[in-house]
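Number of protein chains: 2
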Amino acid sequence: MTYRAPVKDMLFAMKALANIDAVAQLPGFEEAGHDTAAAVLEECAKLNEGVVAPLNWEGDKYPSSFHDGKVSTTPGFKDAFRQYAEGGWQGLQHPAELGGQALPKLIHAACTEMVNAANVSFALCPLLTDGAIEALLTAASDEQKATYIPPMIEGRWTGTMNLTEPQAGSDLSQVRTRAEPQPDGSYKIFGTKIFITYGEHDMAENIVHLVLARVAGAPEGVKGISLFVCPKFMVNADGSLGARNDVHCVSIEHKLGIKASPTAVLQYGDHGGAIGYLVGQENRGLEYMFVMMNAARFGVGVQGIAVADRAYQKAVQYARDRVQSRPVDGSMTSAAPIIHHPDVRRMLMTMRAQVEGCRAMALVGAAAYDAAHAHPDAETRAQNQAFYEFLVPLIKGYSTEMSLEVASLGVQVHGGMGFIEETGAAQYLRDAKILAIYEGTTAIQANDLVGRKTSRDGGAGARAIAAQIEATEGELAARGSAASKTFAQRLGTARRAWLDAIDFIAAQGKGNPNAAYAGSVPYLMLSGMVVAGWQMGRALMAAEDALAAGDEAEFMQAKIATARFHGDHVLSRCTSLRDAIVDGADSVTALALDAF
Amino acid sequence: MTYRAPVKDMLFAMKALANIDAVAQLPGFEEAGHDTAAAVLEECAKLNEGVVAPLNWEGDKYPSSFHDGKVSTTPGFKDAFRQYAEGGWQGLQHPAELGGQALPKLIHAACTEMVNAANVSFALCPLLTDGAIEALLTAASDEQKATYIPPMIEGRWTGTMNLTEPQAGSDLSQVRTRAEPQPDGSYKIFGTKIFITYGEHDMAENIVHLVLARVAGAPEGVKGISLFVCPKFMVNADGSLGARNDVHCVSIEHKLGIKASPTAVLQYGDHGGAIGYLVGQENRGLEYMFVMMNAARFGVGVQGIAVADRAYQKAVQYARDRVQSRPVDGSMTSAAPIIHHPDVRRMLMTMRAQVEGCRAMALVGAAAYDAAHAHPDAETRAQNQAFYEFLVPLIKGYSTEMSLEVASLGVQVHGGMGFIEETGAAQYLRDAKILAIYEGTTAIQANDLVGRKTSRDGGAGARAIAAQIEATEGELAARGSAASKTFAQRLGTARRAWLDAIDFIAAQGKGNPNAAYAGSVPYLMLSGMVVAGWQMGRALMAAEDALAAGDEAEFMQAKIATARFHGDHVLSRCTSLRDAIVDGADSVTALALDAF
Numbered sequence: 000m001t002y003r004a005p006v007k008d009m010l011f012a013m014k015a016l017a018n019i020d021a022v023a024q025l026p027g028f029e030e031a032g033h034d035t036a037a038a039v040l041e042e043c044a045k046l047n048e049g050v051v052a053p054l055n056w057e058g059d060k061y062p063s064s065f066h067d068g069k070v071s072t073t074p075g076f077k078d079a080f081r082q083y084a085e086g087g088w089q090g091l092q093h094p095a096e097l098g099g100q101a102l103p104k105l106i107h108a109a110c111t112e113m114v115n116a117a118n119v120s121f122a123l124c125p126l127l128t129d130g131a132i133e134a135l136l137t138a139a140s141d142e143q144k145a146t147y148i149p150p151m152i153e154g155r156w157t158g159t160m161n162l163t164e165p166q167a168g169s170d171l172s173q174v175r176t177r178a179e180p181q182p183d184g185s186y187k188i189f190g191t192k193i194f195i196t197y198g199e200h201d202m203a204e205n206i207v208h209l210v211l212a213r214v215a216g217a218p219e220g221v222k223g224i225s226l227f228v229c230p231k232f233m234v235n236a237d238g239s240l241g242a243r244n245d246v247h248c249v250s251i252e253h254k255l256g257i258k259a260s261p262t263a264v265l266q267y268g269d270h271g272g273a274i275g276y277l278v279g280q281e282n283r284g285l286e287y288m289f290v291m292m293n294a295a296r297f298g299v300g301v302q303g304i305a306v307a308d309r310a311y312q313k314a315v316q317y318a319r320d321r322v323q324s325r326p327v328d329g330s331m332t333s334a335a336p337i338i339h340h341p342d343v344r345r346m347l348m349t350m351r352a353q354v355e356g357c358r359a360m361a362l363v364g365a366a367a368y369d370a371a372h373a374h375p376d377a378e379t380r381a382q383n384q385a386f387y388e389f390l391v392p393l394i395k396g397y398s399t400e401m402s403l404e405v406a407s408l409g410v411q412v413h414g415g416m417g418f419i420e421e422t423g424a425a426q427y428l429r430d431a432k433i434l435a436i437y438e439g440t441t442a443i444q445a446n447d448l449v450g451r452k453t454s455r456d457g458g459a460g461a462r463a464i465a466a467q468i469e470a471t472e473g474e475l476a477a478r479g480s481a482a483s484k485t486f487a488q489r490l491g492t493a494r495r496a497w498l499d500a501i502d503f504i505a506a507q508g509k510g511n512p513n514a515a516y517a518g519s520v521p522y523l524m525l526s527g528m529v530v531a532g533w534q535m536g537r538a539l540m541a542a543e544d545a546l547a548a549g550d551e552a553e554f555m556q557a558k559i560a561t562a563r564f565h566g567d568h569v570l571s572r573c574t575s576l577r578d579a580i581v582d583g584a585d586s587v588t589a590l591a592l593d594a595f
Numbered sequence: 000m001t002y003r004a005p006v007k008d009m010l011f012a013m014k015a016l017a018n019i020d021a022v023a024q025l026p027g028f029e030e031a032g033h034d035t036a037a038a039v040l041e042e043c044a045k046l047n048e049g050v051v052a053p054l055n056w057e058g059d060k061y062p063s064s065f066h067d068g069k070v071s072t073t074p075g076f077k078d079a080f081r082q083y084a085e086g087g088w089q090g091l092q093h094p095a096e097l098g099g100q101a102l103p104k105l106i107h108a109a110c111t112e113m114v115n116a117a118n119v120s121f122a123l124c125p126l127l128t129d130g131a132i133e134a135l136l137t138a139a140s141d142e143q144k145a146t147y148i149p150p151m152i153e154g155r156w157t158g159t160m161n162l163t164e165p166q167a168g169s170d171l172s173q174v175r176t177r178a179e180p181q182p183d184g185s186y187k188i189f190g191t192k193i194f195i196t197y198g199e200h201d202m203a204e205n206i207v208h209l210v211l212a213r214v215a216g217a218p219e220g221v222k223g224i225s226l227f228v229c230p231k232f233m234v235n236a237d238g239s240l241g242a243r244n245d246v247h248c249v250s251i252e253h254k255l256g257i258k259a260s261p262t263a264v265l266q267y268g269d270h271g272g273a274i275g276y277l278v279g280q281e282n283r284g285l286e287y288m289f290v291m292m293n294a295a296r297f298g299v300g301v302q303g304i305a306v307a308d309r310a311y312q313k314a315v316q317y318a319r320d321r322v323q324s325r326p327v328d329g330s331m332t333s334a335a336p337i338i339h340h341p342d343v344r345r346m347l348m349t350m351r352a353q354v355e356g357c358r359a360m361a362l363v364g365a366a367a368y369d370a371a372h373a374h375p376d377a378e379t380r381a382q383n384q385a386f387y388e389f390l391v392p393l394i395k396g397y398s399t400e401m402s403l404e405v406a407s408l409g410v411q412v413h414g415g416m417g418f419i420e421e422t423g424a425a426q427y428l429r430d431a432k433i434l435a436i437y438e439g440t441t442a443i444q445a446n447d448l449v450g451r452k453t454s455r456d457g458g459a460g461a462r463a464i465a466a467q468i469e470a471t472e473g474e475l476a477a478r479g480s481a482a483s484k485t486f487a488q489r490l491g492t493a494r495r496a497w498l499d500a501i502d503f504i505a506a507q508g509k510g511n512p513n514a515a516y517a518g519s520v521p522y523l524m525l526s527g528m529v530v531a532g533w534q535m536g537r538a539l540m541a542a543e544d545a546l547a548a549g550d551e552a553e554f555m556q557a558k559i560a561t562a563r564f565h566g567d568h569v570l571s572r573c574t575s576l577r578d579a580i581v582d583g584a585d586s587v588t589a590l591a592l593d594a595f
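Chains as they are written, first to last, in numbering that gives the first Met the number 0: chain Y, 0 to 595; chain W, 0 to 595.
Calculated directly from the structure, the hints in this document are not laboratory data. It is possible that part of the hints are untrue.
When chains are identical, the list treats them as one kind, so a pair holds in a single copy or across two.
Below, a list of computed lysine to aspartate or glutamate pairs in the DMTMM-like style, where the Cα atoms sit at most 20 Å apart [what the hints assert, rightly or not]:
#1 Lys-484 with Asp-544
#2 Lys-14 with Asp-320
#3 Lys-45 with Glu-404
#4 Lys-60 with Glu-421
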């Protein structure tokens with residue numbers, strides 16, 4: 000088996016850190032407690048370990064291919080997607096009345112990690128379909144929802160997000176695709192969209208494109224963008240498929256990674272105009288898209304955790320099997336499996352601690368999302384929404400940068416074999432690189448964190464989280480164990496470094512934006528480390544308590560050891576990041592432009 | 000032009016930091032002063048910019064291919080290699096009496112950077128040939144030298160290093176290839192060697208394989224390994240080529256990067272035995288190989304600098320051309336080239352500062368090598384040798400890890416386009432990954448640094464360098480400028496962190512080796528940052544002096560700005576590394592082996 004879903008680790012984090020028992024008290028989630036989660040995760044593991052994971056390297060070897068306007072996906076993908084949909088996984092978090100399972104995001108997040116660890120190229124198809132469903136749920140008419148969502152949940156159709164154009168990458172104000180109103184209320188759409196994930200493929204009967212475009216006469220910039228639904232095949236009143244719409248794939252990209260996932264260039268309206276329907280109101284497209292993008296950003300963060308865990312598992316296996324050199328402590332007289340060598344351990348522990356920290360952060364974020372949407376109390380909803388929104392750029396930005404570090408370490412553990420493609424370790428590095436780019440690069444996430452999430456409220460939201468962290472430090476310090484006392488110190492040092500950075504960003508944000516934004520990515524990294532480390536501290540206490548109660552000694556000791564490592568080797572990076580942010584802003588922009 | 004050799008930057012570092020004027024006073028190097036260096040670098044730049052660099056992406060698209068025991072290299076490589084050899088570049092540093100130019104390593108190092116920046120896959124052929132020449136110069140008989148070296152310098156033949164076997168990667172004690180003595184004094188060689196760079200190709204008439212093997216009855220482990228020369232075609236007494244030897248390429252690897260460079264599996268003796276000749280004495284093979292490996296390790300470090308500089312240049316170009324989003328400081332009302340955005344500047348400055356710091360460290364190391372070999376005073380030679388040997392693991396380990404960071408940032412600057420292979424940014428990341436693995440992984444370099452270079456002398460050598468750095472701090476602090484005063488503080492903080500780590504490693508090295516080696520790679524990274532940062536501080540002073548003298552204002556201001564950035568954003572990482580090394584050793588090995 001090439002992937003083993005970390006069900007036990009997930010359930011530990013869901014119970015001890017994300018408090019699934021509280022989620023199960025929210026209206027609508029009464030059935031979604033620990034036992035349901037355990038059953039769902041076990042089923043999910045089975046499908047992804049047995050069916051989806053074995054197709055990962057196949058997809059790299061035999062990527063999607065383009066011929067005559069059609070895309071053929073990797074052999075096996077179509078059947079796996081059928082099984083995925085038939086298992087009900089596409090509808091896991093969506094409303095029951097449209098065919099979904101209406102489970103909380105907390106459970107969905109764990110399942111998302113599994114399918115992405117199994118095969119990130121494959122998982123992009125359901126991920127984008129989720130995004131399209133989310134956008135339609137936000138803004139579409141009841142008729143549109145009834146038309147498009149059930150077939151997507153059934154896996155007969157899939158969804159896409161069409162934002163990027165050649166001249167408009169991260170900057171959607173430059174979108175030029177135009178929509179011309181027709182007498183029947185529909186629109187004709189003309190333009191070119193690039194980087195459209197699963198924009199064309201052979202795994203479903205129809206593809207539901209959600210497209211940003213401008214109606215003639217709309218305001219300039221982002222306030223003149225509307226959202227349209229534009230199916231590949233027109234849909235008849237009875238739900239059957241009609242004529243082919245005028246949206247065509249003209250090429251797919253040759254990429255560093257996620258090769259099985261077709262990245263399409265879509266041409267709208269080359270033969271008279273692609274028929275599209277307005278979703279929601281005119282000129283509010285960006286707002287709707289942001290709802291979907293926040294969901295997608297969370298999902299991409301989970302992809303980072305997923306790829307990193309897969310890379311970790313592979314590296315552990317190799318380090319156990321590969322015999323090379325005697326241990327430095329003289330404990331063996333002949334060559335040992337390399338897992339005995341301290342630097343290999345350091346690499347594996349870094350990978351493990353980073354994965355566990357980011358997973359904990361994401362699951363805690365998912366639980367906050369659930370409370371933000373389902374809690375009966377408005378004030379509690381608002382608090383959870385603010386917390387979730389603060390976490391999204393960290394989950395997306397930090398977890399994906401983390402996945403690059405981890406996947407690179409994974410190759411390194413394999414030594415020379417890691418550089419040979421057939422080994423499979425390099426694929427994770429190649430795949431991981433896109434995660435820090437799409438759905439908003441790390442810099443875009445950091446801009447969001449600096450601007451909307453920190454500067455706007457003068458750092459109040461960030462400081463409120465820091466106060467919670469300080470409380471956790473107090474709990475840690477009050478315990479008897481050396482591990483918890485040491486961790487309290489590490490977390491305190493990291494938190495104080497973070498507070499310095501928050502103060503700096505909040506102070507500079509408006510008057511001297513160049514200084515604030517010069518440290519935006521280091522600030523994002525620092526924030527991610529502190530928040531993930533905080534969760535590791537909570538995990539440490541939960542594990543100590545379980546250990547004292549006699550539960551699962553080996554598992555709990557591993558949790559403690561991993562938390563300690565996180566404190567010593569990840570949280571320890573925070574002070575340096577603080578220095579770079581607070582003391583280093585001026586030198587970022589000091590070099591004259593001509594001198595580069 | 001896709002690559003512009005940084006001749007001016009190199010000459011600045013050679014003069015102001017590596018003191019080429021002193022190198023030109025060494026016996027034998029009287030002609031090798033600044034003007035010679037300038038002329039050689041200009042010529043070298045011409046060839047590499049015009050001929051070698053354009054083949055880089057070609058080599059990635061059309062890698063070396065294997066068919067029926069033969070390897071066909073990328074179209075254009077053979078002709079480029081002919082031009083390279085005809086220009087005298089293969090013999091640049093080798094003795095004049097064997098056809099070389101006998102120039103110092105200082106000049107050679109700069110030329111090595113250029114050819115590797117132009118095309119690292121191509122450059123591996125001359126790099127390995129240099130290594131083979133070096134090994135023969137160290138240990139071969141005069142007859143062997145006369146037979147093999149001149150044709151290699153002429154580029155008619157090339158050289159390889161055959162160390163690795165499937166069961167013996169980093170651990171050469173496990174080498175199993177055997178050599179059977181023959182009545183005529185030759186040996187018959189039997190075994191399998193893997194990862195042999197340019198082990199088979201079509202760019203030269205003959206290939207001179209240097210092979211580690213065991214003579215029957217030799218001691219076990221590394222003390223029973225001998226070095227043999229084993230040509231692809233036997234060499235007649237008149238130097239003409241004779242029969243095909245029994246060494247055959249059976250496959251080449253499918254790799255993440257450096258795809259144009261054929262990585263061969265070589266089979267020795269499948270048809271009766273490959274004829275080889277002992278080089279030097281029996282059982283001293285590893286010792287000879289270490290001479291060659293030190294040269295190769297230095298060379299691989301320079302490859303890291305080279306790939307990083309190429310990635311930097313490409314990213315700068317893209318950042319100037321790509322228009323996207325308005326500047327955060329409101330300085331422009333429409334979308335600007337992304338080089339105006341602070342985070343893009345931060346990425347470019349990180350790339351630039353890392354490249355300049357590592358280049359300075361490598362060139363200073365090369366000058367020490369020259370003094371260690373050519374200085375008339377034995378004490379001075381010994382001091383320089385010790386300094387050079389301390390630097391080799393930093394140049395190799397730190398510069399290559401640095402190249403991974405820089406190449407990854409290079410992709411990131413390109414956003415989504417960076418993930419598209421045709422853009423070319425991803426190739427540098429794929430190519431860079433091998434640099435931290437071959438010729439000894441970063442962990443192997445770190446073991447060398449911890450064991451032979453720090454623990455063995457109780458940290459005395461490292462502390463002596465720290466004392467020199469402290470003197471530089473004093474010079475910086477004594478100057479009037481804010482830049483130099485601030486840099487003195489940054490360097491001092493970093494040096495003190497380094498000293499803590501040196502003390503820890505030296506204290507733990509013998510009694511508690513697991514604790515010392517748990518921090519080996521962080522210690523290597525910390526050492527590399529401090530030593531490179533020290534050179535940046537010296538560059539800052541040299542640039543301030545030149546500026547005061549009215550020289551090249553823009554160039555010198557750029558040197559100052561880059562040094563400042565290095566202090567704020569690279570040296571600032573040192574304290575966190577110190578904490579991980581000194582406070583985090585135990586948690587590296589705390590997790591039970593079964594718990595991974």
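Status of the hints after comparison with the structure:
| no. | hint | in the structure |
| --- | --- | --- |
| 1 | Lys-484 with Asp-544 | within (15 Å within a copy, 51 Å between copies) |
| 2 | Lys-14 with Asp-320 | neither (34 Å within a copy, 50 Å between copies) |
| 3 | Lys-45 with Glu-404 | neither (28 Å within a copy, 37 Å between copies) |
| 4 | Lys-60 with Glu-421 | both (9 Å within a copy, 19 Å between copies) |
Consistency with the previously given hints fails for numbers 2, 3, ordered from lowest to highest.
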